[in-house]
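Residue numbers (the numbering used here), protein chains in the order written: chain A, 144 to 460; chain B, 83 to 370; chain C, 306 to 537.
What the hints contain is simulated information worked out from the structure, not anything from laboratory work.
Ideal Cβ positions, reconstructed from N, Cα and C, are used throughout, including at glycine.
A hint or two may mislead.
[Stated by the list, open to error] DEER-style ranges, computed between Cβ atoms: (1) A:L317 - C:Q515: 50 to 56 angstroms; (2) C:D368 - B:T164: 30 to 36 angstroms; (3) C:R411 - B:T164: 25 to 31 angstroms.
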Amino acid sequence: MKTSTWFPLAWTLPCALAAWLAPHWLDAGLMRLASEVLLAICMAQMWNLLAGYGGLMSLGHQLFIGVGAYALFDLAQRTGVSPYWLLPLTSLAGALCAALIAPALFRLRDAYFAIGIWVVAEVVALLVSKTSALGGSAGLTLDMSALEDIELFGQMSFWLACALGIVSVAGLQLLMRSRLGLAMTAVRDNEVAARSVGIDVQRVRLIAFVISGGMSALAGAVYFMGGMFLVPSAAFDVNWVVMMLFATLIGGIGSIGGPVIGVLIWFGLREVLATSLGISGGWYLIAMGAVAVVVSLYAPRGLLGLRLPASARRAAS
Amino acid sequence: MDWLSTLINGLLLGGLYALFGLGLALVFGVMRVVNLAHGEFIVLGAYAGFFLVGWFSTVPVWAMLIPVVLIGYGFGWLLQATLLNRAVRSGNVLTPLVLTFGLSVLLRNGMVELFGADSRAVDAGALGSASMDLLGISVGVYPVLMLLLALALFASLQWVLQHTEFGRTVRATADFPDVVRLMGVKPERVFCQVMGLAAAFAMGAGYLLAQRTLLTPFSGVERMLVAFEVVIIGGLGSFWGAIAGGLVLGVAQLFGQRIDSNAGSLYAHLLFLVTLMVRPKGLAGGRA
Amino acid sequence: MPLLEVDNVNVFYGDFQAISGVSLALAAGEVLALIGANGAGKTTLLRTLTGLHQPRRGRIRFDGADVTGLPAEALARRGMAMVPEGRMLFPSLTVEENLQMGTLTRRKGPWTLGAVYEVFPVLKDLRQRNAMQLSGGQQQMVAIGRALLSNPRLLICDELSLGLAPLIVEEIYRTFERIRGADLSIVLVEQDVARACAVSDQVTCLLKGQVTLQGASRDIALAQVTAAYFGE
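Please work from the sequences and hints to get the whole structure.
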């Protein structure tokens, strides 16, 4: 039993090693890109946790990205503590935010929940833009006065992103093997049946929502920490959730490998279109929109769902 | 007096908001689909009008509404026939949501690439700047016309739905799309007609909006959220509720802007969230 | 020439075979009773006949033409009408509006709104009421009227008596006698086996998607039917 619990996590070791060694091979630009991809994997996994396992599709996850980022920048400027130590507090901020809005939002189903949380994100974004203590619409720069080694900052940001990417996937693997994970899978498959075997569906959803919010907030904080600059329009940009939704949808909702594949495709497409072909940034979003349309019609379970033979697909769905 | 002016202008703005909500309510009521690209339809109408006015400068600006509306109908019909019918018939609640979200991203960024990101407006000419006296307040003629147009459209749609064969068919299809097939009706065709109407309303409203304010390809998101809020505040399934919802939101928006000038749609959004918590079935108390 | 010919039809839901090799034939003006326990495949067969579902193998001929694979809308316009199980009246419409939905096939014939009100006079007083406010029996009348208004050649009735009190069922079947005629054939699914045999010209019994008994109603003893129904 022990071996079978830990063996699926064996992949984390070579990945961690690669992450440790990576700064020797990668220049700053590539490290930044890699960070972005790894953080996106974390975010997509968190979106997938809520949508694929909790059954709640969110169009407002940018709320948590922004909350996490602003929690970091604000705490840094207030307390002067090193950003690294403040990061755990950002995930707390995200989790609290989720717990706060859950009672009101959980009354809503499907599209109403999706748009309801989007409206909350817009409200928070507007409030932040109007708060001068948070930099207003002009934004905030990261207070790094407590950092001793600025040189190491780029690498640290990269390693933190790696850690989040690896931990989010490994964490989900572990979660899905736990009792809570089984409960979530049951809720995903058939809510009524889950209730009938005594699963408290609302509680399971709330836990998924809080974890999702907390980790998304942490990922957002790490992302903006690396860039050292934060504006509301970037922090609460709806394109965050566009990426999360598309990556999860294209890769395969409700599976752990799906969001990883989806994120790789998303960034792969972006880099190919923008860098190699020199096409401007907007076109890749158009392409992603078109891909989402096609995938939603012809492969609603995502690319991962397509690969499985019909009988396995039925078992998985 | 100033507050009365804000109230009246809020009501006039509310008429436009109600128009935003009308198309969304129609699509949701008949097909149970929330069209997340609705905002982009609105902006498309603005751009369509903008270009038509530019190319055919001899035609009066108000008359250009007609071709915009017709283009909207065709566009909605085509979209439903090629893409959305498949999504609706899939039976999966997520599919139309994701499809329309993908469509909105596609349209939004497509417009940026094709038309550029700078803001545009349509010059309504003399009619646009004319004002009249209402209860001692000077209000723009145009906003009054828009409110009257919104009311007229709602009333006509309601009449068509209640008193014509087409309206009966639409209502029956909304109830049981499979059963109407037993009566010789193709539900897919009804959906195309309804989406056509919804897109026509949306694009028309967008064209009217462009004569009041500057728009960019990114303006769709906010309008879609407003439309959604109008429908929810008014109460699902009620058209007159949607009018009431629009008026209430319009007033909230302008009062909010008065007390807090750079708040954007904050107060409208807050009103929506409060309504959700206090009275989730909306003003008319439709099905939630 | 039979009005309706079903030839060795096989119907699947995914991998599950719901109907295996069912054949039947119905002449103009005939009434066919389709009986069988729940799950025997009666509703599936009806859905396949009306075009709501397509057979994987076999052919269906209606009014001289091969209509296999045609969708329900097309079959409705060719003269097939159904009174669905559970009535399925449109909740957003009034009684009269529900009836009027039947005229959308634009077929000519003796059935008009006036004719329907003659057969079901109680509906005339209720016509502006919302359809869901009516009693079960009255709703059944509306459902039958709605089907008749398309002037069909074939009327398919799925469980007319379901959920109705015996007195109401009597009334429904009294009007049933008024409806059947030389121009209208009827396929009747009915749980009440004795009544089904009494009103029909021929009987087909299904069990697990296959025909276990088929023939003229007057030639078949009730005991035989019961045996076929339960598969003894």
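| message | For each hint given before, does the structure comply? Return the numbers of the non-compliant ones in rising order. | response | Nothing - there is no hint that the structure violates, so all of them hold.
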